[in-house]
Every structure is written in structure tokens, then in C-alpha cells.
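Protein chains: 2
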Amino acid sequence: MLEWCLGARRVRQVQRTACRGTLWFLSLLLTFVVLRGTIGAGKFGTPEQDFNEIREHLIHSRGRRVEPRRVLEEVQPEPESDSDQSNNYANFDISKILVDDEPEEKPDPNKPYSLGPKISDWDQQRAEWLKNNPEFPNFIRPNKPRVLLVTGSSPKPCENPVGDHYLLKSIKNKIDYCRLHGIEIFYNMALLDAEMAGFWAKLPLIRKLLLSHPEIEFLWWMDSDAMFTDMAFEVPWERYKDHNFVMHGWNEMVYDDKNWIGLNTGSFLLRNCQWSLDILDAWAPMGPKGKIRDDAGKILTRELKGRPVFEADDQSAMVYLLMKGRDQWGNKVYLESAYYLHGYWGILVDRYEEMMENYHPGLGDHRWPLVTHFVGCKPCGKFGDYPVERCLRQMDRAYNFGDNQILQIYGFTHKSLASRRVKRVRNETSNPLDVKDELGLLHPAFKAVKISSTVS
Amino acid sequence: MLEWCLGARRVRQVQRTACRGTLWFLSLLLTFVVLRGTIGAGKFGTPEQDFNEIREHLIHSRGRRVEPRRVLEEVQPEPESDSDQSNNYANFDISKILVDDEPEEKPDPNKPYSLGPKISDWDQQRAEWLKNNPEFPNFIRPNKPRVLLVTGSSPKPCENPVGDHYLLKSIKNKIDYCRLHGIEIFYNMALLDAEMAGFWAKLPLIRKLLLSHPEIEFLWWMDSDAMFTDMAFEVPWERYKDHNFVMHGWNEMVYDDKNWIGLNTGSFLLRNCQWSLDILDAWAPMGPKGKIRDDAGKILTRELKGRPVFEADDQSAMVYLLMKGRDQWGNKVYLESAYYLHGYWGILVDRYEEMMENYHPGLGDHRWPLVTHFVGCKPCGKFGDYPVERCLRQMDRAYNFGDNQILQIYGFTHKSLASRRVKRVRNETSNPLDVKDELGLLHPAFKAVKISSTVS
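These protein sequence lines are chains H and A, in that order. Using numbering that gives the first Met the number 0, read the first sequence as starting at 0 and increasing by one per residue. Using numbering that gives the first Met the number 0, read the second sequence as starting at 0 and increasing by one per residue.
If you are wondering where the hints come from, they were derived from the structure by calculation, not from laboratory data. This one's a predicted model, so the numbers in the text were calculated from it and none came from an experiment. Be careful, since some hints might not be right.
In this list, chains with the same sequence are indistinguishable; a pair is considered to hold if it fits within one copy or across any two.
As the list claims (entries may be wrong) - Heads up, simulated BS3-like pairs for lysine-lysine below, C-alpha to C-alpha not over 27 angstroms straight-line:
id, residue 1, residue 2
1, LYS105, LYS288
2, LYS422, LYS105
3, LYS435, LYS422
4, LYS446, LYS130
5, LYS414, LYS288
6, LYS414, LYS105
7, LYS155, LYS381
8, LYS155, LYS95
9, LYS117, LYS422
10, LYS381, LYS95
11, LYS446, LYS105
12, LYS435, LYS117
13, LYS257, LYS288
14, LYS288, LYS422
15, LYS95, LYS422
16, LYS422, LYS155
Working from the sequences, and respecting the hints, build out all of it.
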């Protein structure tokens, strides 16, 4: 028909033009699609399209609540056929969504446990790396090592309703201290090695972090039930220049008395070096759960003073390791008792008011403890070693005691050590930079950054 | 008698000697006591004394549990007469220890609300301070501003059992992103101004932090229900060099459509400058709770498209402020839609597997969102806007999606996006420093520190 109208030659011209036009159009379309995919819809798709995708989704996915917040009023709920449609958290059974997967693989009982392949030249490997990576120095300033604070908790919700709330307050507390002191945090919620579950889980984690981060000079392990109660106290790093492992404890209690609580492994410093890898390897063998850990527990109860009967724990194992191997390890272990790198909560928490009356932050010791450690409280579990009310009240007090030191920077304080409410203690001003907080924590000297690529 | 034995003169000599000796002894004793108090008991008291104090306390304070962990086996519990002695957390009624104090003071209804005394020369004050404090520079490196990420939650335990667990995972997620990107965190759990409770609480907090920390160049507010899902994406700071306020949103949706969800205030960047103080002052008036907030809510519902009826919220108020005052504020506000500074969870969470199949971290946009924000889920409350199961399952998936990017650094990954368990994906090696994680997050360029005291 077209041929008849236009003539054959003309039709062929039209056909060629149409063909080239089609090709051209397809190329353009393809280019558009590719570019859109690469650069992002926002640049090409209309904003309305992106927006409407959200809007449509809001319409079709909302639950039954009548008073929506950030959703459209005209939403009509469309229940999914095979899932719980309740918007009520109180009735929700969390076990529905806890996926347990297949059972853990059983480790080969004939294979001795190992934290990883033996490394014997870590100091050299690390020194080489530091030399080649000056933008990741192991010292932030002279006498200020790069420190990573490591802590963590179970990936499962706590077995009781308030446990996670105290874990949350505890990590906020650590965030505050570490921000002031230029320390980074690694919060672990992964079990890297099923054999080393429970208190032993820290060993594979620590080794992994040391080896992955040669720029870290000291790794500071801290239990989730330990809180900072002296925000102004800076660890005396220089004191430990000839040591690799710092724990709160007493030489006499470990080496002479062989007491199972002669030191505490709830808060300790470990230098990133070959020696530390070696002591981790020496520490680990009592850890693998099951028969090994149970049998080791019996040895520890027999060998250590005062230890109850239970499976091997990392702390008792360390006491044992040191008392048996003092010649091998002792000279690089610093059992610190001049300040509370770990402070047993029982003898501290009732004295906070007395401390506030008579002392000030920055002391770190019995007058104003660096760390208050709620050993035995176990707020994440079902049962603790102490009355629940005592533990929780005191954990609130310890948290507020530490938090007051942060709040005072900004002119606030808790209404009391028992209260989560705060009150103003310093008026606002139009010259905020003239204000100095009493503790000098606003811009503390230990926070100032100066690069040094000193490799120690 | 003495005088008779020794003679008067001799007695006087003895008396003088005794007197001097007494004085000397008293001085020594006083010195001892003072030193002990200053230096700490550990240096003077016997280690046994400190240790025994703990031991005695353990004996007399433990609860009824038969299988102690870190306590002595021979403990005999001595119940306190007027408190709950149960060691069982499951039965514990938390309301016992929630101290509510006296009621909040009612603000003067005749006094207009103010975030604080008017400041008009903040840029000059700040520039002066930065010049005088070069060890606290506002830029970590050229093009890398010092950023403080601010987030928070209520100081009360969540109203439902799992809420705090999700808050905990959320802050761990933020800790990970911020550690990689050299960003500090402030986790707030204090209500600084009772009038500005709820979503408005961020305004007084933000102002306080900006004014206290002139070294901060950008403050990044992020809701507690928002999570990082792209650990490799660095915010394009240079893009905002001429802007002071960056939110996810679309110009057309705000200025033309006046849509109440045309932007999102759940994750935004605010520069530390006079302009920002001014916009905070302009933003605040709809916030004070009670009649002001309720009436303002009616205005917002009337003026903004799609907004349901409820009290004024900060997001709607910002849409309103911008649409009414575009000339005043618009040129310094960047409504960003090229990547998900805030990403509405509803259109993202079902696509994670597709993302893992086709894309990679570092894109930040719909292909791999920087932030997945669970608006409306409200896991800390009693009711959300969506079915609980949907929210919690998806929050777990989003968390694992982000966490996988951290775990892969160390050779692990979650067994699935639904599972809290992890599995090894890279073997240990005796040359750990030869290992490069695929995403380059182990020692990322945006983490390297180089000091620049550039004042912008």
C-alpha cells in the first residue's frame, strides 16, 4: 500500500530511514538504561517514581494501627496470609524468629585444639607492615599507643527482659570513655569458634584482631558487665613499656597464695606482639568445651586456693598458667593494684556518695575507681550470684556515677545516683567557648591528636 | 617516782625526749596516713588487706545460688531485711527500681520557648577557637571533616522485651561503620529539655553539642532505628562544601508537592556554623509539648500533603519551614537522593539477596543502600505501625547484611541473613598481613589519619 502510494524507491528510502531510526532509538534506549543502572535512578528516574514506589509500599504494607505516625492515613492493611499480623510487641514470641540453623559441627576429638596456625615471626611481620604503612601508626602521640577496646555479648536476646537494657547502658558508658580517650571500640556479637564458647570466646577473637590490625599497640579486653566510673583517668601507658600483659591483681595472691581471684581477666591490656600470641596459645588449651574444659576445671579447683567446682574458666586458667610458668611469663606480666583496672563492685558501689564528697575523677583507685565490674550479677541470664535488686540498683548507680562526669561537660547531672533524669547545673551562655568544664574533659589533652610514626 | 630515781634534771631530759619523740611519732603517723590516702592503699596497706576486704565482702553479700561462679564456695547468704532476695531475673519487676523523682517542673506558659541565648557570632567564635587549638582541627585530612555521629534512646528499659536488644544491635552496627570511617559517636540517653521530649529531643542536644565542640565540622544525626547497610560507602563530603544541611529527599516533593515525607530527618548532616544555629532556632517553635505541639500539628496536617493527624513532628516541621522559607534557607539545604542517606526499609529489605548477587558495597544507593531505616517499626515501644514479625525479621536481616561486611574483613560471614551464627569463609594463615579483605575495609583510605588544621 505504501509502495503504491510513494513508489518503490521512496518506500525503500523510508524503510532504511526507519531502520536506522529504530537502531538509533534502540541504542539510545540501551544507553539510557545502562546509565540509569550505573548512576542511579535518582538521576534519571523522576523523583516522583522513586517517591511513589515508597508511597505505594507504605499503602500496601502497613499493619492495623489506626493512628499511624509516618505513614499515610488512607492505608488499608493487607494481611499476609501466613504470618503473625499483630503490631503488638508485648505479645510477640521472639523464639519465632530465632533461627538456630543446623547443629554445630562436632570438632575432631583427636585433633588438639589450636587458635590458629603457629606464627613465630609476628614482631618482624608487624614491624615491616608498620614501616610500610605510616598512615596507620601504632602510636597516636609519643607515649600514647593506639588502643582498641574489645567487648561484646551474645547475639541472642538476653534471657530476661532487662538484660539488654543494661548491656546498652554499658556500651554507651564505654563509648563515652573511649571517645574522651581516643580509643576505638570493637563490639563483638559473633561466636568465632564454637569450641571456645562462653568466657573463652575472647581468645580467638583477640588473636584475630591482633593479627588483623598490626596498627593496634594494645588491645584492651573489657567484659560487658564492667563499666567505666572514672572518665578522667588515663591509663599510665608508660608504666607498662617493658610489659605485655596488664591485669588487676596482686603478685602475692597469684604466685604465693595461688588464689583463683588473685587477678581478674574481666579488664586487661594485651600488647600486640609475638609474646602475646604465645601466651594466648598457652592459655587456650583448657578452654575447649566438653570433657577438656570439665577436666581442666577439676585441676584448677585442686590447684588454686578458694576455687569452687565448675568447668575451667579463663581467669583461673591464667592464674594457673602464671603460677606454673612464672619464669616463662612473669617478667612481662604486670599485676596492677595501684588503680582499679578492674574494680570489684561489691566494695565500691556503696561508697559513691562518699567519693563525690571527698574526692574527684582522675584518681582511678579506691577513691574514684576507673572500672566498676559487676562480677557475678549476670543481668543477661536467668540467675545471678547476687540478689537481682541489689545488682540492678547498683548498676544504675554506677552508670549514673560515670555518666555524671560526661553530663557535667555539658552542664547537666543526674538528679540523684538512682535517677535516670537529669537536671541543669550550668546555665546556657552566648559565649559557650568561655566555659570550662571542671574536669577538663571537653577537650582533654589525652584526646588531642598528633601523629607520630614511632614504631616501638 | 621517776624524779626520785633519776633526779629532776634527768627527768626533765627524759620528758623533753619523750615529748619530742611523741611529736616525731605523731608526725610520722600523720605523714603515713596522708600518703596512704593520697597514693592509695595498695602501696601501703598489705595486699592481703585489700584482698581480704573483697573476700569478706564476697562471703557476706552473696545470694542464695548454690553454684557460684566467681565467688567462694563457703559463702553463707545473709539476707538484707527489707529487699528482694531473689537471684532470679525472670521474676523481677523492674518497676521497683525505676525512680521517677518529683514531677517535671511546668514551664512558664507565657515565656516563649528558646533553645538557648541567642548567639550571632558563632562563626567568629568558632574560627578563633580553631585557630587557638590546632590540636583539635575540624578537618582530619583535606576533604575529610571531623564528624560526630549522634544518636540515642530512652533512659528507660523498652516497653517490650526485645526492644533493647535491637537498640544494642543498632549501636553495634553504628560503632562498626564509624570505626571504619573515622567518625566519633555520641549516644544520648538524657532528656535535656522536658518540653522537647520525643522526636524533638534531638534539637537541644544538637545545639548543645555543636556549641561545646567547635572542632566538629559536621554533626550527623541518626535515629536509633536506622542501620548502616553499606560499610564501604564514604559520604561525598566535597559535594556539600557550599551547603550546611543535608537530608535525604527530593526538592520537588518538598517545594512543589509540599509532601510531608518529601524529606527525612532520621539521618542528616548539619554543619557547625551560625546558619545551623539559626535554622535550629527556626525549627524549634513547633516542638514544645502540649498545646503548642498539638496546634502546630494541625497546621502541618493542613499545609502538608498526605500528613495524618497527630502532634507536630520535627520532620513535618522541617518540610514546612523549607517550603515557607525557601528563599531564606533553601540555598544551603541539600536534599540528597543520589544515595540512601536515609533508606526506607520497606522497599529495600526484600532485595538484599538480589543486591548480594548483582552488586557490591560502596554504592550507597538503591543497589546497596548506605542506610536502611526502620521507620514505623518502633521496636522499643508496645505497638508499631507494622506487624512485629515483619519488622523484627527484617531488622535481623538488615543487621546481618551490614555485619557481613564487617565479618568478611576477618574471614567470616553469617550462615544466612536470618541467622545470628557465623561461619568461616577464609582460612587462618601464618601470614595474616598478606591477606586482603575483598572490600578493602581492613585499612581503608578514609580511615587513615593525616592532620590538617584547615579552617573552612
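Each hint, compared with the structure:
1. In this assembly of identical chains, the alpha carbons of LYS105 and LYS288 lie at most 27 angstroms apart only when taken from the same copy (11 angstroms versus 58 angstroms across copies).
2. Proximity of LYS422 and LYS105 under a CA criterion of 27 angstroms is satisfied inter-copy only: 14 angstroms between copies versus 55 angstroms inside one chain copy.
3. Only within a single protomer do LYS435 and LYS422 lie at most 27 angstroms apart by alpha-carbon distance; the minimum there is 18 angstroms, versus 50 angstroms between protomers.
4. In this assembly of identical chains, LYS446 and LYS130 lie within 27 angstroms of each other by CA distance both inside one copy and across copies; the values are 24 angstroms within and 17 angstroms between.
5. In this homomeric assembly, LYS414 and LYS288 come within 27 angstroms of each other (Cα to Cα) only across copies, at 22 angstroms, whereas the closest approach inside a single copy is 46 angstroms.
6. For a Cα distance limit of 27 angstroms, the shortest separation of LYS414 from LYS105 across copies, 17 angstroms, qualifies, whereas the shortest one inside one copy, 53 angstroms, does not.
7. For the identical chains of this complex, LYS155 and LYS381 are neighbours both inside a copy (13 angstroms) and across copies (20 angstroms), given an alpha-carbon limit of 27 angstroms.
8. Taking identical chains as interchangeable, the C-alpha atoms of LYS155 and LYS95 lie at most 27 angstroms apart whether they share a chain (13 angstroms) or sit on different chains (26 angstroms).
9. In this assembly of identical chains, the alpha carbons of LYS117 and LYS422 lie at most 27 angstroms apart only when taken from different copies (21 angstroms versus 56 angstroms within one copy).
10. In this assembly of identical chains, LYS381 and LYS95 lie within 27 angstroms of each other by CA distance both inside one copy and across copies; the values are 20 angstroms within and 18 angstroms between.
11. In this assembly of identical chains, LYS446 and LYS105 lie within 27 angstroms of each other by CA distance neither inside one copy nor across copies; the values are 47 angstroms within and 39 angstroms between.
12. Within a single copy, LYS435 and LYS117 get their C-alpha atoms only as close as 52 angstroms, which misses the 27 angstroms cut-off; across copies the closest is 20 angstroms, which meets it.
13. In the homo-oligomer, the alpha carbons of LYS257 and LYS288 lie at most 27 angstroms apart inside one protomer (24 angstroms), although the nearest pairing across protomers, at 61 angstroms, exceeds that limit.
14. For the homomeric pair LYS288 and LYS422, the shortest alpha-carbon distance between copies (18 angstroms) is at most 27 angstroms, but the shortest distance inside one copy (49 angstroms) is not.
15. Only between protomers do LYS95 and LYS422 lie at most 27 angstroms apart by alpha-carbon distance; the minimum there is 22 angstroms, versus 42 angstroms within a single protomer.
16. In this assembly of identical chains, LYS422 and LYS155 lie within 27 angstroms of each other by CA distance solely across copies; the values are 16 angstroms between and 35 angstroms within a copy.
Checked against the numbered hints given earlier, this structure breaks only hint 11.
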